[in-house]
Amino acid sequence: MNQAIVIKEKNIPITENETVPPHPLKEFWKYFSENRGAVIGLYFIAGAILCAIFADIIAPHSPFNQYRSAILQPPFWMEGGNTEFILGTDDVGRDILSRLIFGARLSLFVGVIVVTLSLAAGIILGVTAGYFGGFYETVVMRLMDIMLALPSLLLAMAIVAILGPSLQNAILAIAIVVLPHYVRLTRASIIAEKNKDYVTASRVSGAGPLRMMFNVLLPNCMAPLIVQATLGFSAAILDAAALGFLGMGAQPPTPEWGAMLANSLQFIQRAWWVVTFPGVAILLTVLAFNLAGDGLRDALDPKMKR
Amino acid sequence: MIQFLAKRFLQIFPAFIGITLLTFSLVHLIPGDPVELLAGERGIDPARHEQMKKAMGLDKPLAVQYLQYITNVFKGDLGKSFVTKKPVLKEFMTLFPATLELSFCAMIFAVLFGLPAGVIAGVKRGTVFDHSVMTVSLTGYSMPIFWWGLLLILFFSVNLGWTPVSGRLSALYWIDADTGFMLIDAFRSDEQGAFKSALSHLILPSIVLGTIPLAVIARMTRSSMLEVLQEDYVRTARAKGLSPARVIMIHALRNALIPVITVIGLQVGVLLAGAILTETIFAWPGVGKWIVESINRRDYPVVQGGILIISSLIIFVNLLVDILYGIVNPRISRA
Numbered sequence: 001m002n003q004a005i006v007i008k009e010k011n012i013p014i015t016e017n018e019t020v021p022p023h024p025l026k027e028f029w030k031y032f033s034e035n036r037g038a039v040i041g042l043y044f045i046a047g048a049i050l051c052a053i054f055a056d057i058i059a060p061h062s063p064f065n066q067y068r069s070a071i072l073q074p075p076f077w078m079e080g081g082n083t084e085f086i087l088g089t090d091d092v093g094r095d096i097l098s099r100l101i102f103g104a105r106l107s108l109f110v111g112v113i114v115v116t117l118s119l120a121a122g123i124i125l126g127v128t129a130g131y132f133g134g135f136y137e138t139v140v141m142r143l144m145d146i147m148l149a150l151p152s153l154l155l156a157m158a159i160v161a162i163l164g165p166s167l168q169n170a171i172l173a174i175a176i177v178v179l180p181h182y183v184r185l186t187r188a189s190i191i192a193e194k195n196k197d198y199v200t201a202s203r204v205s206g207a208g209p210l211r212m213m214f215n216v217l218l219p220n221c222m223a224p225l226i227v228q229a230t231l232g233f234s235a236a237i238l239d240a241a242a243l244g245f246l247g248m249g250a251q252p253p254t255p256e257w258g259a260m261l262a263n264s265l266q267f268i269q270r271a272w273w274v275v276t277f278p279g280v281a282i283l284l285t286v287l288a289f290n291l292a293g294d295g296l297r298d299a300l301d302p303k304m305k306r
Numbered sequence: 307m308i309q310f311l312a313k314r315f316l317q318i319f320p321a322f323i324g325i326t327l328l329t330f331s332l333v334h335l336i337p338g339d340p341v342e343l344l345a346g347e348r349g350i351d352p353a354r355h356e357q358m359k360k361a362m363g364l365d366k367p368l369a370v371q372y373l374q375y376i377t378n379v380f381k382g383d384l385g386k387s388f389v390t391k392k393p394v395l396k397e398f399m400t401l402f403p404a405t406l407e408l409s410f411c412a413m414i415f416a417v418l419f420g421l422p423a424g425v426i427a428g429v430k431r432g433t434v435f436d437h438s439v440m441t442v443s444l445t446g447y448s449m450p451i452f453w454w455g456l457l458l459i460l461f462f463s464v465n466l467g468w469t470p471v472s473g474r475l476s477a478l479y480w481i482d483a484d485t486g487f488m489l490i491d492a493f494r495s496d497e498q499g500a501f502k503s504a505l506s507h508l509i510l511p512s513i514v515l516g517t518i519p520l521a522v523i524a525r526m527t528r529s530s531m532l533e534v535l536q537e538d539y540v541r542t543a544r545a546k547g548l549s550p551a552r553v554i555m556i557h558a559l560r561n562a563l564i565p566v567i568t569v570i571g572l573q574v575g576v577l578l579a580g581a582i583l584t585e586t587i588f589a590w591p592g593v594g595k596w597i598v599e600s601i602n603r604r605d606y607p608v609v610q611g612g613i614l615i616i617s618s619l620i621i622f623v624n625l626l627v628d629i630l631y632g633i634v635n636p637r638i639s640r641a
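For the record, the sequence lines run as chains W and C. Note that our numbering numbers the first sequence so that position 160 is 160, with each residue one more than the last. Note that our numbering numbers the second sequence so that position 9 is 315, with each residue one more than the last.
No lab work stands behind these hints: they were computed from the structure. Every value quoted in this text rests on a predicted model; they were computed, and no experiment measured them. Among these hints, one or two may not hold up.
Claimed, not checked - Stretch-level coverage of chain C by chain W, calculated; a stretch enters the list once three of its residues show a Cβ under 8 Å from a Cβ in chain W: (1) 312-325; (2) 457-468; (3) 485-499; (4) 516-529; (5) 583-591; (6) 597-604.
Unchecked claim - What follows is a set of in silico ranges between Cβ atoms, one per label pair, in the way DEER data are often shown: (7) W:T116 with C:A312: 52 to 58 Å; (8) W:W77 with C:G432: 35 to 41 Å; (9) C:T485 with W:W77: 16 to 22 Å; (10) C:R603 with W:P224: 56 to 62 Å; (11) C:I376 with W:T116: 32 to 38 Å; (12) W:D56 with C:P352: 48 to 54 Å; (13) C:S529 with W:P209: 37 to 43 Å; (14) W:E27 with C:I376: 54 to 60 Å; (15) C:I567 with W:L50: 25 to 31 Å; (16) W:L50 with C:R603: 56 to 62 Å; (17) C:S495 with W:A223: 57 to 63 Å.
Heads up, the beta-carbon is just placed ideally off N, CA and C, and yes, glycines get one too.
Could you put the whole structure together from the sequences, leaning on the hints where they help?
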């Protein structure tokens, strides 16, 4: 009987393409690339990363060098501008384009550190809360609820008020503020996975709690976390820029995009370029991460696949 | 239902205690002690230092201090500002109407444009309109609103001269602040043109503050609408021969609105955080600007009190939203 089936299957002419499932990455890319916005976002992010890495080579000027003879010079296509300062100069004669390029380095750095910190802490808290449950879980989750009740910017400002204004403290504050999202997400996925058969099987075969949590359960909970981490980049960049704008993040003369806007209101009548370009940089970068995050969610979430 | 209400009411206490703990520790985590902060740069001699510490109750154990703090909070005593020497709660009360007025107008703007845009985008799925609504709302969602405010000032106030740059009312008018809401006060006053002036000051800040809620509401309404339109009862309604408008507006929208109401409620936190930035740009004399200034001036009682009041407000609004949700959707309260 069994042999008959095997023989019968062998006789069916099937091409290799149909039998071998596509590599997971290939399949992922197939779904991801269907979303045009997500691909554009991804390319923009790649461009921003290149800018950040090669800032020293790409930037035409130093971000700190003050050209006293070219204060508030307009962009090159306007009257009085020249191609030496393509996007013009600011109130002390620094090249805006160079500052934006170096600013990409800072913003992406903020994103990476915030996401790494909050993801690591969030996974540890979330996995342990979901796995152990009980009183520990209640305490952790109530704490997260309290943090969620506060607007993130207000809480970040409170933390900066304690620690003092600087880019490092802003990063730390934002990482703390976004923590609850990761903890809740991880815990929810762990609870959903916990009672599945494969988990019971590995427990029966004697896996210890650490192995259970981080080797067995966690890899199956990563998809929503990856999406949240991508969206976390945009939130981190936005919050860091807002803190910089309020004077509670990066301090001058750091070429941080938000801090570049901090005193620009006074030049709004004379020099629109000082006000406009840093904001465009923030908007496009945040938008790129949001687009890519949406695409990732569609590609990673089987329910969304058509 | 009563059980649900009672349970939900009890839940706010741990949250409230947590927030008082947070604001209490805020002052104790700052390097240096409050007496030195109060003395400022000049410094203070040790004897006077001890005396003041005793007067402020800082020599007692932390637990006792916390109990004292929370008792004062319940009595409505949130301390006095280092700078103005006025009670924090009183200052908050005089500034809050400005923030409330701004947030309210921002919310009206967001709902007025976000809800119809979301409904139409959901109904006309896949059309150019749908795609543009989604693009605009994603852009709005990614917007650094402090820059958005600057941009609008640049365009509408500086280039076109349509709206004022900052403040709540033109300096030409003097209005008695009866209610604290400029629109109402200006409307009731005898000054000609004051109402128009107040309104024109409100437009740009409301747009800026309403942008992110608008984007969120449009996206949420669209996806909720899409879900509801696939339900069997909608097909039944269509099969009965009801007009498309009736099916969408009466049958589908009512159920599609349930998650949207929650989202609108949750935007209160977003609005209050956005108010911090919006008020700073437009020099709007509200609570957000007050807190930013106090942080910059290291006026800790104000920071402490301001955060406590705002977060309590948010917890309270979230509670209201939950109750409302329970009423709109009875399945929740019985679960």
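Task: Hints breached by this structure - done: 3, 4, 7, 9, 10, 15, 16
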